[in-house]
Amino acid sequence: AQSVTQPDIHITVSEGASLELRCNYSYGATPYLFWYVQSPGQGLQLLLKYFSGDTLVQGIKGFEAEFKRSQSSFNLRKPSVHWSDAAEYFCAVAAGDSSYKLIFGSGTRLLVRP
Amino acid sequence: SAVISQKPSRDICQRGTSLTIQCQVDSQVTMMFWYRQQPGQSLTLIATANQGSEATYESGFVIDKFPISRPNLTFSTLTVSNMSPEDSSIYLCSVEEGRGTEAFFGQGTRLTVV
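Residue numbers (my numbering), protein chains in the order written: chain C, 14 to 127; chain E, 1247 to 1360.
Hints are not guaranteed to be accurate.
[Stated by the list, open to error] Pair by pair, the computed Cβ-Cβ distance ranges are: (1) E:T1290 x C:S83: 23 to 33 Å; (2) E:D1257 x C:A14: 29 to 39 Å; (3) E:V1360 x C:S93: 37 to 47 Å; (4) C:S31 x E:V1360: 42 to 52 Å.
To be clear, the hints were calculated from the coordinates, so they are not data collected in a lab.
Here the structure is a predicted model, which is why all the values come from computation and not from measurement.
Quick reminder that beta carbons are idealized off the backbone N, C-alpha and C, glycines included.
Here chain C stands alone, though its shape is the one from the complex:
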């Protein structure tokens, strides 16, 4: 069965520091992978997605992620974090052959120190 693991429940970084959020997936075929951000009281916003091709994917707000098939990982990175990046981040994989259902990880809450 497909699954997504985000091993870090909380991460705290200082403003201006670099960030890496971890995501590991379990899926039998080539996965479709996503990172979403959820700010307090907000819906989910797509940061970036990987379907195929270049394994380094650029997203919005300065985020990027790298797909590593050998490690079953899709870690999210940002070189310099801003206070407005404080939010909940979800990694997800699209499951199923004929539908586009998303399986979400448990999420990582990012706290940013001034």
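Let chain C serve as the given structure and place chain E on it in line with the hints.
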């Protein structure tokens, strides 16, 4: 990108009652989904709303508890029936335009059952 309107945005309901949540999309979409996000948890798929036919429910979710309608390609409803405090969650509508495209989410409906 698809714009999704969910109503109501939040509600407080008495146990034993039912609440119907509406999801309206500004364009015709192929797939519509309903997710639940329990407090402090990740998102879990409830069901796929199929246009003109019965919804497809995920394991652990049943039609009697979460009846879903989808009369056309732009609208769906989710009813939370015979509510208990355990149903207190955020319920989110999501749409896809086909495999390989982005999933768009509504702002969610925050339900509190007292």
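Do the hints match the structure? See the list:
1. Range check, T1290 of chain E to S83 of chain C: Cβ separation about 29 Å, and the 23 to 33 Å hint holds.
2. Distance hint for D1257 of chain E and A14 of chain C: a CB-CB separation of about 34 Å, consistent with the stated range 29 to 39 Å.
3. A hinted range of 37 to 47 Å for the beta carbons of V1360 of chain E and S93 of chain C is consistent with their spacing of about 44 Å.
4. One distance hint, 42 to 52 Å for the beta-carbon pair S31 of chain C and V1360 of chain E, holds here, with the actual separation near 44 Å.
The structure shown violates none of the earlier numbered hints.
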